[in-house]
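Trainee: Residue strings, one per chain:
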Amino acid sequence: MNKLHYRPLPKRPNLRDTSGQLEMYFREESRLREKSSFRLILLSLFFSIGFLSICVKLTLIASTDVRSKDFSSGQTMDTESRHDILDRNGNILATNVPVNSLYAHPDKILNIDLVASQLPLIFPDMTESDLQKKLNNNLKFVFLRKSISEKEKLQVLKLGEPGLKFGKRELRIYPNGSILSHVLGKTRIRVMSTSHVILEGISGLEKTFNHQLKTSSSAGHSLELSVDLAVQSILEDILSSGINFFKAKGGSGIIMNVNNGEILGMVSLPNFDPNLNIASKRLSSNDNIFLNKAVQGTYELGSVLKIFTAALAIELGAFSQHTLVDVSEPIRIGKTKPIKDKRWLGEKISLKDVISKSSNVGSARVISFFEPIQQKEFLESFGFFERTSVELPEANVKSSIGSDPWTKYKAAMIAIGHGISVSPLHLANAYATVVNGGYRIFPTIIKDKNKNHGKVRVISEDTSAKLKEILGEVVNSGTAQNAKIDGYSLGGKTGTAEKYDSELGGFNFNKNYASFASFFPLDNPKFLVLICLDEASNSYKEVNNRVAGNTAVPLAAEIISRIAPILGVRPGKSYVSNLENFEIDAISDLFNPFTPQFKLPNN
Amino acid sequence: MRLIILFVCSFCLIVVSVWAYNVNYKVRSAIKAVYYLSSEIEKKESRIKLLKAEWAYLNRPERLNRLITIHFSELGLLPLSHENYMSFDRFVLSNKKRPGEVSRTLSVEDTLKLRFEGNE
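Protein chains in written order, with the working numbering: chain A, 1 to 603; chain B, 1001 to 1120.
Excised from the complex, chain A in its bound form (with noise of 0.2 Å):
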């Protein structure tokens, strides 16, 4: 049988032995004792580190966040992901989609001759002697293209190049082209390295929200803008399709709600397609396609300004609309030149016959009754002279009077909308005061902005109930006749404004900018419906062809014909269908045009 060793211990000294012996042992003993619970203390440690390490592997798994790592395949998709931007009904206005690039490492491609001799029948764009150059240039990565289709990408591979390279990355889309170009904008790619693009905001919404829409998080962040796809379409179709109709060298359009200042349409003609890559630079200023002419273009309006005179001269008590006001003879300030209308109105009219026949000597005669700095400041209070706060990085303009001082000439031309540049925006943004009872508001592009938006009162409500009397009297009775439409009322007022030509020294007789500012309905106003088009002749006329009421007048009242069922105005209740007793077979019918019982009145 095996002995177990252990530890030997010291003889133990007889006791009869000298003291020294007992000394001697246990010494010896508690050497040993220490040795040996070194041993124990150094193997408890090795196995308190064993545990130690285990518990904090242990708890390193349990604690790692898996959705922390970074699974995509291609970490260049992350990065450059960008948001979608959605109309409000959750329209796709822009998105992305994957695309691959297509890159070449020239040193390992085995036949440079025949990869460029192949690729430009893949590219027609692509020259051989071009990509001979490139690829033999003793470089290590040359980029051949920023997107490519699957196609392109398939007949690329069938090449069997090892050299040529295919990168994952995103292009920004517009699909519906055209539609909403200057409010959109633009991106472009920025190439940060060989396998990292990234796409850029440079104008319109893209730039503003460049950081908001390019953030890599999760999905459930596109911005919904306050625009109506269908209401878009049809603003831009029917300006567009007037424009060419009056020969007019372009024009622009915002549709708004009068409420909340939320912008349901924005034109400017002529646009351009985002998806297409077009140089600005060969463009000339006058032909500026990417000029937003409904916020970045400043314009001497005309008469549409006048209202702002009918509004003071209310607001402060001084004027109602039955006011007669003098209009027998031109109105001469100092030694300036007098301010005549167009035909003689008569003796004495009416404030409102002042607005609704757009009487320049009226205008011009009411604000002579009041001081320039009333006439500033009142303006001022409608927002005319600082930035809109819509979100465009181009709206960033304010009304202008020029380097003239404020004086009653300057107000008087003022009066009757000249002598002072203002933005179809800033325009819009006033009309939707005078016709919303009276408060100021901020216009945005962007759903449900303004939702809690407190109220700044600028004129009373009874001044902005006399005032929406004497634009519907416009309609009704004075330059705007061409606005009436069967279902609605509406009013507004039109302004036909001479341009300035610097050919000839001053204003151009035969060049105008017509406008026309109306809203609907007239009895509760919920939309403002603002045109203005420059340089348009309605050849079917042959006297005042250039005038807004023979111009912008009837485009928007086409517009607002189309528009208001879609916004869900209903028509007044004489011109609801004439019908007699319609049947259906049950109340589901009602909703449901498809039902076989269910036919329009109109079939």
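Possibly wrong hints are sitting among the right ones.
To be verified - Here are a few chain A residues that face chain B, going by a calculated C-beta distance under 8 Å:
#	residue
1	N89
2	V97
3	N100
Claimed, not checked - What follows is a set of in silico ranges between Cβ atoms, one per label pair, in the way DEER data are often shown:
#	chain 1	residue 1	chain 2	residue 2	range
4	B	V1023	A	R31	42 to 48 Å
5	A	N138	B	N1024	17 to 23 Å
6	B	L1006	A	R31	18 to 24 Å
7	A	L43	B	N1024	25 to 31 Å
Claimed, not checked - Straight-line distance between alpha carbons at most 25 Å, and here's what the computed BS3-like set of lysine-lysine pairs gives:
#	chain 1	residue 1	chain 2	residue 2
8	B	K1032	A	K168
9	A	K455	A	K398
10	B	K1043	A	K168
11	A	K376	A	K340
12	A	K214	A	K449
13	A	K168	B	K1052
To be clear, the hints were calculated from the coordinates, so they are not data collected in a lab.
Remember, it's a predicted structure, so these values are computed and weren't measured experimentally.
Quick reminder that beta carbons are idealized off the backbone N, C-alpha and C, glycines included.
We have chain A already, so just place chain B on it with the hints.
Mentor: Chain B alone, transformed into the frame defined by chain A:
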């Protein structure tokens, strides 16, 4: 006694090490599965995105207008106008009976009442 403790501790250490090793590999395998699933989700998401973009492209107003013009003879689609609105009281329920419908002719008020009471 010490030997037993040493043995038990060593055994525990080995068992725990094997368990930790096992857990480690399971986690790695789970990570691989998550990686695969993530890439699958990414592929599906990008496919959905592409389809949504395509749907938006196919439904662009310009194309719809063109289709309406082309198929006008069959569809007869026209822009909405005030004529498409009708006063509610001009609708009259017919006497025709549908299977499962109540036998008497209902007035508009009755039908609405039924509708809002959830009986229809």
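Trainee: None of the hints should be skipped; say for each whether it holds.
Mentor: Evaluation of the provided hints:
Interface hint status for A:N89: violated, as the beta-carbon distance to the closest one in chain B is roughly 12 Å, over 8 Å. With a least beta-carbon distance of about 5 Å to chain B, the hint placing A:V97 at the interface is held under the 8 Å criterion. Using the Cβ-Cβ criterion of 8 Å, the hint placing A:N100 at the interface with chain B is not satisfied: the shortest such distance is roughly 12 Å. Checked against the given bound of 42 to 48 Å, the beta carbons of B:V1023 and A:R31, roughly 45 Å apart, stay inside it.
Separation of A:N138 from B:N1024 is about 48 Å and departs from the stated range, judged on CB atoms against 17 to 23 Å. Between B:L1006 and A:R31, the C-beta spacing of about 23 Å keeps the proposed range 18 to 24 Å intact. Checking the proposed 25 to 31 Å range against A:L43 and B:N1024 shows it holds: the Cβ atoms sit about 26 Å from each other. Simply put, B:K1032 and A:K168 have alpha-carbon atoms about 22 Å apart, close enough for the 25 Å limit, and the pair holds.
For the suggested pair A:K455 and A:K398, the alpha carbons sit about 22 Å apart, so the restraint of at most 25 Å is met. With a CA separation close to 12 Å, the supplied pair B:K1043 and A:K168 stays within the 25 Å bound. Annotation: proposed proximity of A:K376 to A:K340 holds, straight-line Cα distance about 23 Å (limit 25 Å). Of the pairs offered as hints, the one joining A:K214 and A:K449 holds, with about 21 Å between alpha carbons and a cut-off of 25 Å not exceeded.
With a CA separation close to 20 Å, the supplied pair A:K168 and B:K1052 stays within the 25 Å bound.
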